[in-house]
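J.: Model the full structure from these sequences, guided by the hints.
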Amino acid sequence: MKNIQQYNISSLIEDLKNGNITSYEIVKNMLEAIKKYNQYIGAYLFINEEEALKCAQIADDKRASGDQGKLLGIPIAIKDLINVKGQPCTCSSKILEGYISPYDATVISNLRNEGAILLGRVNMDEFAMGSSTENSALGITSNPWNINYVPGGSSGGSAAAVGGHLALASLGSDTGGSIRQPAAFCGCVGLKPTYGRVSRYGLTAFASSLDQIGPLSKTVEDAALLLEVIAGYDANDATSKKISNPNYSECLKNLDFIKGLKIGLPKEYFIDGLNLDVKDAVLNAADHYKSLGAEIVDVSLPHAKYAIAVYYILATAEASANLARFDGIRYGLRKDEKNLIDLYKNTRSDGFGDEVKRRIILGTYVLSSGYYDAYYKKAQSVRLLIKNDFKKVFEDCDVLLSPVTPTPAYIKGEKVSNPLSMYLDDILTTSVNLAGNCALSIPCGMSSDGLPIGLQIIGDMFEEELVLKVGHIFEKTTEWHNLKPEMNYE
Amino acid sequence: MSSDKHKINIEHIAHLASINLSDNEKELFHNQLNQVIDYINQLNEVKTEELCEDFSNISNSDDLALDISEKQLNHNDVINNSPNAKNGEIIVPKIIDQ
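Heads up: the protein sequence lines correspond to chains A and B, in order. The first sequence lines up with residues 1 to 490 when you count with my numbering. The second sequence lines up with residues 1001 to 1098 when you count with my numbering.
Keep in mind the hints are simulated off the structure, nothing from the lab. Think of the CB as a built atom: it goes at the ideal place given N, C-alpha and C, for glycine as much as any other residue. Careful, some of the hints might be misleading.
[Unchecked claim] Lysine-lysine pairs mimicking DSSO-like chemistry, simulated, CA-CA at most 30 Å apart:
#, chain 1, residue 1, chain 2, residue 2
1, B, K1026, A, K415
2, A, K94, B, K1094
3, A, K392, B, K1047
4, A, K85, B, K1071
5, A, K267, B, K1047
6, A, K242, B, K1071
7, A, K70, A, K2
8, A, K335, B, K1086
9, A, K377, B, K1026
10, B, K1026, A, K335
11, A, K70, B, K1071
12, A, K377, A, K267
13, A, K305, B, K1007
14, B, K1007, A, K415
15, B, K1071, A, K62
16, A, K54, B, K1071
17, A, K94, B, K1026
18, B, K1094, A, K338
19, A, K94, B, K1086
20, B, K1094, A, K335
21, A, K35, A, K85
22, A, K338, B, K1086
23, B, K1026, A, K338
24, A, K305, B, K1005
25, A, K17, A, K253
26, A, K412, B, K1026
27, B, K1047, A, K387
28, A, K28, A, K484
29, B, K1086, A, K85
30, A, K377, B, K1007
31, A, K377, B, K1005
32, B, K1005, A, K415
33, B, K1047, A, K377
34, A, K391, B, K1047
35, B, K1047, A, K305
[Stated by the list, open to error] Where chain B lies over chain A, by a calculated footprint (3+ residues, C-beta under 8 Å):
#, segment
36, 98 to 105
37, 323 to 334
38, 337 to 344
T.: Right, dumping it as structure tokens:
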């Protein structure tokens, strides 16, 4: 039997079909690896050991009787803000301690329908607010490539689990870069689908006009398969689009598309202060695509520099409304008081961490009387300009390439005392959320410190098929995605 | 408290947000909020007066749900999540005086 580090979803499906391994064996091995390494990496908050082994056995029986589920017997980790019936859903926050989900998110129903095994719940920044997973109230997650470094965030647990080979894939969420950035930091693939492609029903909301669930995986092929399973219109999500979903896995087979493909490099994304290793890796990737037959052109997204300002007005405004429901009444923590107002205030003060409080306060401020027009309405207008920049640029090119992050992963603690410095790290990812487009992060290099570097491939609205093909051809012709962390932590 | 360039009433904002802040938190968040507002004020550079007011990142949905009650969540599963519940009802402090 191969080492679990050597498996991705596609290769495991092959070996399962050929009888070289069983789901029970792979889940058992994965649980042993988690027992050995999770104490160092801290990716998992909850592991469903008994349930996972039971489901694995059922999957093996189903396979024997001819069941063809696309993810039959494949273990997947779930970011701890996606509701799974009967499981905790803490959003890595004290305020949701004790909460047990009474329902499955739509993406979870989709995974179950295709036979996936829900291995456990992984760590994140509290309520998805953060870029390092250091804002979790439930524990520390480390980068599997060097445990002194952050895994990124907010889907840091997802990325660390996949990058550290403690999960074959994970579902995360991306509001301002929270799938793509940790995927880049941990050397795995991360996809933010177009807004409306994947149902948000059952995703604990941070910013409802920006959030999307997406896969983190070891290969683009795996991401394509996961998107096939989780994408689709859902009547339970009014923002979900009635749009067809191609067979993404099948689409990857054609590699001839690359000749003449027009790839744009947005000049505003090659910012002052961009780490030189990151810049070199991304420009080398562009040269590589050129050698495959693509045409590389310089393009401009003139309002890119305003993305952070717009994002931190709109996302925090939406968050201040979405998090009003956490008040100690219907679920989670309650600080009992003689009157209702004090109950609300003390519950929320005790239950939320600093970053969540900071963002709620900022969001409340920009929506408050006298400031709504100056901040919220202004930000919405600039958002429209950012969206139009993308529309315009995609009239002349097919996809965009850029770095995912200005630097590789950084040392834990480096940015916790300077929130604005951490916010500025999102400069290369937030525009995509504001515009609603899709984007993929894939490994494209290593820094001089031995940390992974990610390449961002941005597509037009609902062009996941092309974005995945562009990512896949890079994987077929390079080796970056095959590099593995040494994991000598003792 | 340090410079209040933007004259932010942090206590009022915290009250609107239903959050209590300690004195240290008030000072810290007040300073940090001023820094963030300094940064986001760069949006004033952008001319937006001529834009039409269609801000939605979400196309307006024509697909409204029918007004028909569908399958509900299990009542016990929902109520049991409350920190204080009895006989299928959630218990809260009294809000109306006699």
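J.: Does each hint fit the structure? Answer for all of them.
T.: Against the structure, the hints:
1. Among the hinted pairs, B/K1026 with A/K415 is consistent with the structure: their alpha-carbon atoms are about 21 Å apart, no more than 30 Å.
2. Using a Cα cut-off of 30 Å, the hinted pair A/K94 and B/K1094 holds, with the two alpha carbons roughly 25 Å apart.
3. A hinted pair counts as satisfied when its Cα atoms are at most 30 Å apart, and A/K392 with B/K1047 qualifies at roughly 18 Å.
4. Of the pairs offered as hints, the one joining A/K85 and B/K1071 holds, with about 15 Å between alpha carbons and a cut-off of 30 Å not exceeded.
5. Taken as a hint, the A/K267 and B/K1047 pair is honoured in the structure, with Cα atoms around 22 Å apart against an allowance of 30 Å.
6. Distance hint between A/K242 and B/K1071 is fulfilled; the C-alpha atoms sit about 22 Å from each other, no more than 30 Å.
7. Between the alpha carbons of A/K70 and A/K2 the distance comes to roughly 21 Å, so the proposed pair stays at or under 30 Å and holds.
8. Under the criterion of a C-alpha separation no larger than 30 Å, the hint pairing A/K335 with B/K1086 is consistent with the structure, at around 18 Å.
9. Restraint check for A/K377 and B/K1026: the C-alpha separation of about 27 Å stays at or below 30 Å, so the hint holds.
10. Between B/K1026 and A/K335 the alpha-carbon distance is near 21 Å, which keeps this suggested pair within the 30 Å criterion.
11. The hinted pair formed by A/K70 and B/K1071 meets the criterion: a straight-line CA distance of about 28 Å does not exceed 30 Å.
12. For the suggested pair A/K377 and A/K267, the alpha carbons sit about 28 Å apart, so the restraint of at most 30 Å is met.
13. Of the pairs offered as hints, the one joining A/K305 and B/K1007 holds, with about 26 Å between alpha carbons and a cut-off of 30 Å not exceeded.
14. Proposed proximity of B/K1007 and A/K415 is supported: the alpha carbons are some 27 Å apart, at most 30 Å.
15. Only pairs whose Cα atoms come within 30 Å are accepted, and B/K1071 paired with A/K62 is accepted, the gap being roughly 29 Å.
16. In summary, the hint linking A/K54 to B/K1071 is supported, as the alpha carbons are separated by about 28 Å, within the 30 Å threshold.
17. For the proposed pair A/K94 and B/K1026, the alpha carbon gap of about 21 Å is at most 30 Å, so the pair holds.
18. Distance hint between B/K1094 and A/K338 is fulfilled; the C-alpha atoms sit about 8 Å from each other, no more than 30 Å.
19. The suggested pairing of A/K94 with B/K1086 holds, with an alpha-carbon distance near 24 Å, which does not exceed 30 Å.
20. Pair hint B/K1094 plus A/K335 holds up; C-alpha atoms about 15 Å apart against a cutoff of 30 Å.
21. Restraint check: the Cα-Cα separation between A/K35 and A/K85 comes to about 25 Å, which is no more than 30 Å; the hinted pair holds.
22. At roughly 18 Å between alpha-carbon atoms, A/K338 and B/K1086 fall within 30 Å of each other, so this suggested pair holds.
23. Distance restraint check for B/K1026 and A/K338: the Cα-Cα separation of roughly 25 Å lies within the 30 Å cut-off, and the hinted pair is therefore satisfied.
24. Among the hinted pairs, A/K305 with B/K1005 is consistent with the structure: their alpha-carbon atoms are about 24 Å apart, no more than 30 Å.
25. Of the pairs offered as hints, the one joining A/K17 and A/K253 holds, with about 20 Å between alpha carbons and a cut-off of 30 Å not exceeded.
26. A distance of roughly 26 Å separates the Cα atoms of A/K412 and B/K1026; the hinted pair therefore holds under the 30 Å criterion.
27. Taken as a hint, the B/K1047 and A/K387 pair is honoured in the structure, with Cα atoms around 15 Å apart against an allowance of 30 Å.
28. Under the criterion of a C-alpha separation no larger than 30 Å, the hint pairing A/K28 with A/K484 is consistent with the structure, at around 21 Å.
29. With a C-alpha separation of about 22 Å, the suggested pair B/K1086 and A/K85 falls inside the 30 Å cut-off, and the hint holds.
30. Of the supplied pair hints, the one linking A/K377 and B/K1007 holds, its CA atoms being roughly 20 Å apart against a limit of 30 Å.
31. The straight-line distance between the Cα atoms of A/K377 and B/K1005 is roughly 22 Å, inside the 30 Å bound, and the hint therefore holds.
32. The hinted pair formed by B/K1005 and A/K415 meets the criterion: a straight-line CA distance of about 24 Å does not exceed 30 Å.
33. For a cut-off of 30 Å, the pair hint linking B/K1047 to A/K377 stands: about 13 Å separates their Cα positions.
34. Distance check on the hinted pair: A/K391 and B/K1047 sit about 19 Å apart at the alpha-carbon level, within 30 Å; holds.
35. Restraint check for B/K1047 and A/K305: satisfied, since their Cα atoms lie roughly 14 Å apart, inside the 30 Å limit.
36. Remark: the segment 98 to 105 of chain A is confirmed as covered by chain B, as 5 of its residues place a Cβ nearer than 8 Å to a Cβ of that chain, reaching the required three.
37. As drawn, the segment 323 to 334 of chain A meets chain B at 9 residues by the rule of a beta-carbon pair under 8 Å; at three or more, the given contact holds.
38. Counting residues of the segment 337 to 344 of chain A whose CB lies closer than 8 Å to any CB of chain B gives 7, which reaches the minimum of 3, so the coverage claim holds.
Violated hints: none; the structure is consistent with every hint.
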